[in-house]
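If you read the sequences in order, they're chains A and B.
Our numbering puts the first sequence at residues 1 to 332.
Our numbering puts the second sequence at residues 333 to 873.
Don't take each hint at face value.
Stated by the list, open to error - Here are some chain A residues the structure puts well away from chain B; computed CB gaps all over 10 Å:
id: 1; residue: 14
id: 2; residue: 20
id: 3; residue: 49
id: 4; residue: 51
id: 5; residue: 55
id: 6; residue: 134
id: 7; residue: 193
id: 8; residue: 196
id: 9; residue: 203
id: 10; residue: 205
id: 11; residue: 252
id: 12; residue: 290
id: 13; residue: 304
id: 14; residue: 305
As the list claims (entries may be wrong) - Here chain B is said to cover these stretches of chain A; the calculated rule only asks that three of the stretch's residues, wherever they fall, bring their Cβ under 8 Å from a Cβ of chain B:
id: 15; segment: 86-99
id: 16; segment: 177-185
id: 17; segment: 254-267
The hints are simulated quantities; they were obtained by calculation from the structure and are not laboratory data.
Even for Gly, the Cβ is constructed at its ideal location relative to N, Cα and C.
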Amino acid sequence: MSFQPVKFYQTGTFTVGNRLLQPEERSVQASAKRYNSLNSGHRACQGCGEALGARYAIDAAMEACQGQLIAANATGCLEVFSTPYPQTSWQLPWIHSVFGNAAAVATGIAAALKAKGRSEVRVVAQGGDGGTTDIGFGCLSGMFERNDDVLYICYDNGGYMNTGVQRSSATPPAARTATTMAVGPEPGNPFGQGKFVPAIAMAHDIPYVATATVADLRDLEAKVTRAMELHGARYIHIFVPCPLGWGTASFDTIRIARLAKETGLFPVFEAECGVVTAVLKIRKRTPVEDYLKPQKRFAHLFGEHPRVDIIARIQAMADKNILKYGLLAEEC
Amino acid sequence: MAKPFAITLDPGSSLANHTGSWRTSRPVYVDRLPPCNNACPAGEDIQGWLFHAEGGDYEKAWRALIENNPLPAVMGRVCYHPCESACNRAQIDAPVGINSVERFLGDEAIRRGWKFDPPPAASGKRVLVVGAGPSGLSAAYHLRRLGHAATIHEAGPLAGGMMRFGIPKYRLPRAVLDAEVQRILDLGVTLELNRKVANIAESIKAGSFDAAFLAVGAHIGKRAYIPAGDATKIVDAVSVLSSMEGEDKPMLGRRVVVYGGGNTAIDVARTAKRLGATEAVIVYRRTREKMPAHDFEVEEALQEGVMIKWLSTIKQAGEGSITLEKMALDDKGFPQPTGEFETLGADSVVLALGQDVDLSLLHGIAGLEIKDGTVQVAPNMMTGHPGIFAGGDMVPSARTVTVAVGHGKKAARHIDVWLRGTSYAPAPKHELASFERLNTWYYTDAPKTVRPQLDIIRRQSTFEEVQGGLDETNALYEARRCLSCGNCFECDNCYGVCPDNAVIKLGPGKRFQFNYDYCKGCGICVAECPCGAITMIDEDI
């Protein structure tokens with residue numbers, strides 16, 4: 001057996017920073033000189049997962065291209081809370097057109113840059129799950145199949161939150177929204193509907209597809225950095241809890257995202273050219289109740305007459321993900 | 333300025349929008365008291381010195397350690413580490429090996445010849461310290477650091493007290509003790525050996541001292557009446573252990589019976605085994621669970637072949653043998669005689685039934701209160717006689733080296749204010765950093781490092797040190813297992829997880845600051861702080 005020096009840094013890469021690591025090994029967010037692409041003063045709710053995820057992702061993208069970045073933004077919370085006229089929180093060139101065309105606008109920017117020979121300037125498009133999986137899906141699929149040189153980032157909070165929490169095609173089964181009320185024998189969003197866009201993106205055989213959560217910064221930053229190394233159509237789907245729409249405490253945002261990953265309900269992986277290349281393993285396997293219970297949108301599953309049948313169906317979804325993506329570490 | 337169609341305002345930054353006005357409660361940084369620090373009888377800031385060790389700055393760690401305890405290499409060997417019993421990491425995997433890191437730092441200091449900083453300008457006050465045990469040495473050290481002159485009068489031929497004459501060499505090599513004592517003496521402490529104080533009042537007067545600290549220890553072995561013939565040798569444990577330091581080793585014979593159940597009983601039995609006894613038997617009247625000796629020492633003794641007779645008392649000692657009576661525990665857990673007897677071969681019986689204090693030096697001193705053979709002291713360690721302070725084994729307390737060192741420090745601080753005519757107000761204790769305050773997700777899984785042990789054959793025949801130390805690589809690993817409970821260790825989590833960029837990073841060693849202009853009070857920083865160093869407080873609305 002060869003000698004292996006012990007590398008142990010107290011918190012390793014679990015925390016945002018780590019004073020025991022070499023500066024080049026630290027995260028972008030740990031730097032006092034980070035870009036803060038989404039600046040203070042934005043009007044997102046307390047504990048907004050999307051605001052956090054957007055700063056994490058765009059700061060990493062800015063770092064990867066020395067700040068030479070243009071963003072196109074779909075309509076949604078992110079656009080509304082960051083740019084109430086005449087203020088903006090964005091510290092990079094940023095454009096909003098309409099709800100469904102962020103991918104197409106970004107394609108146009110990329111084409112213009114190519115025409116001008118500005119190869120150093122990179123393009124990112126971003127939107128919520130409504131603007132991505134529902135309304136903007138045609139433009140997105142087109143961007144993918146043409147392999148346009150755009151990184152598209154979707155912040156998935158499972159619904160139309162700024163218009164009053166309506167269902168989207170990313171809303172999970174059994175969740176209560178304004179349009180899927182918790183009434184009847186099958187309360188909340190029906191099972192068997194909706195879609196998982198990362199899998200659809202992979203079906204386009206584009207260079208890079210990844211999922212991430214706001215609970216694992218180092219993983220998220222590594223994926224954005226990897227995506228920025230590549231050219232062509234790339235897609236990152238970031239899981240961002242919404243305290244308002246989900247009925248969670250504002251301080252619980254990161255814990256909820258962590259539970260989504262640890263239960264297996266949200267698989268965290270990356271894929272290149274349609275093939276899964278890496279999976280973030282579950283560290284402490286957790287039953288789905290732990291994830292569902294703190295959320296008021298699932299409150300009807302608990303209480304005096306708990307709907308164990310529905311909880312079991314949600315657990316089955318998690319188990320299927322665990323099997324499908326191989327989310328368990330060897331020793332688990 | 334010409335504006336595009338339908339545009340009337342210049343673009344502005346959202347920084348103009350102070351979202352801090354939304355807040356109903358605010359996060360604030362706090363320092364909480366880590367459970368290790370809370371449990372340390374010597375009052376060490378363990379989390380504080382581990383912080384420096386984590387970064388690999390061992391000298392800084394050692395200097396932080398000696399702020400409170402001048403004997404880290406000794407402590408890293410003989411302390412029963414209540415800190416580790418209290419450690420929050422025990423609830424994750426196993427407690428941090430604080431004791432082994434402390435020993436590493438102490439050994440490193442000896443190896444590299446680190447010295448104490450020179451004492452400050454002389455105050456002109458002189459303090460007499462009676463006894464050069466852990467308490468007296470600690471007091472002298474702290475008094476020097478406060479600018480006072482310290483003179484130790486020691487009755488014995490060498491400094492160290494019970495560390496030398498009570499603790500066997502296989503637990504504390506004398507070279508280590510000598511090095512740490514010498515470092516204290518180098519600070520300008522005067523040590524007068526073979527100088528027994530017969531009357532404290534006279535000694536104070538003769539030396540024109542301004543105050544005195546008494547730490548004479550408890551060196552008189554308690555006796556129990558055992559009907560015995562002339563042939564059986566009955567000795568006490570303290571004399572056996574102290575004679576180990578001289579030229580003539582005690583003659584205990586092949587079959588040694590030790591009577592008692594404390595750490596001293598274990599020490600004597602293990603010593604007897606090393607001196608060549610074929611049988612070393614401890615006789616104790618209660619069960620292992622009730623034994624006051626520490627479990628790991630009992631375990632080590634059993635490994636070395638020491639035998640223990642539980643639930644037994646010595647009824648009589650005859651020629652070459654003793655008679656034991658078996659005991660049974662009653663409903664209240666007290667041992668009661670059963671009337672069953674057995675005979676055990678024995679060449680000598682060693683009594684390890686506790687120790688008494690020689691209080692003869694206090695004869696005729698006004699105002700003293702003596703209870704149960706110990707001197708009563710006020711919370712400031714002063715006896716009923718103004719200017720005479722006391723600590724260590726001669727005052728009521730758990731009789732360990734660590735407690736004694738703590739007494740010495742505490743007494744020195746109070747002697748200082750007493751001499752200066754000021755008052756000493758200890759800093760208010762922070763709230764305890766309980767396990768529930770931590771977010772343990774963020775700590776890497778890491779089992780405790782096991783310290784090497786001397787092989788069993790050498791443990792039965794020599795006085796070489798049993799417990800090995802850590803080297804630099806595993807000491808660093810062990811230090812980094814610290815969770816830094818209740819005290820910021822600059823992991824950048826609060827700075828990173830704030831959705832509003834409302835945390836300002838002040839740079840290495842300077843921690844962080846909240847920007848309340850933008851903090852919305854969501855509390856994510858509190859929830860995601862690994863060590864529980866942030867709390868939410870309500871805003872006045």
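Hints versus structure:
Look at residue 14 of chain A: its CB is around 4 Å from the nearest CB on chain B, not clear of 10 Å, so calling it non-interface is violated. Residue 20 of chain A, annotated as away from the interface, has a beta carbon of chain B within 10 Å; the closest lies near 6 Å. Its beta-carbon lying about 8 Å from the closest one in chain B, residue 49 of chain A breaks the requirement of being farther than 10 Å from that chain. The beta carbon of residue 51 of chain A is not kept farther than 10 Å from every beta carbon of chain B, the shortest such distance being approximately 4 Å.
Non-interface call for residue 55 of chain A relative to chain B: violated, since the shortest CB-CB distance, roughly 7 Å, does not exceed 10 Å. Remark: the non-interface label on residue 134 of chain A is consistent with the geometry, its nearest Cβ contact in chain B lying 25 Å away (cut-off 10 Å). The Cβ of residue 193 of chain A lies farther than 10 Å from every Cβ of chain B, with a closest approach of about 30 Å, so its non-interface assignment holds. Once the 10 Å rule is applied to beta carbons, residue 196 of chain A is consistent with being away from chain B; the minimum gap is 26 Å.
The Cβ of residue 203 of chain A lies farther than 10 Å from every Cβ of chain B, with a closest approach of about 33 Å, so its non-interface assignment holds. The beta carbon of residue 205 of chain A is kept farther than 10 Å from every beta carbon of chain B, the shortest such distance being approximately 34 Å. In this structure residue 252 of chain A is not separated from chain B by more than 10 Å, as the shortest Cβ-Cβ distance comes to only about 7 Å. Under the 10 Å C-beta cut-off, the non-interface status given to residue 290 of chain A relative to chain B holds; the minimum distance is some 13 Å.
Every CB of chain B is more than 10 Å from the CB of residue 304 of chain A (nearest about 29 Å), matching its label as outside the interface. Residue-level check passed: residue 305 of chain A sits 31 Å from the nearest beta carbon of chain B, beyond 10 Å. Under a criterion of three residues with beta carbons nearer than 8 Å to beta carbons of chain B, the stated coverage of the segment 86-99 of chain A is upheld, 4 such residues being counted. Residue count for the segment 177-185 of chain A with a Cβ under 8 Å from a Cβ of chain B: 0. That is fewer than the three needed, and the coverage hint is violated.
Counting residues of the segment 254-267 of chain A whose C-beta sits closer than 8 Å to any C-beta of chain B gives 3, which meets the bar of three, so the coverage hint holds.
Hints 1, 2, 3, 4, 5, 11 and 16, counting from the list given before, are not met by this structure.
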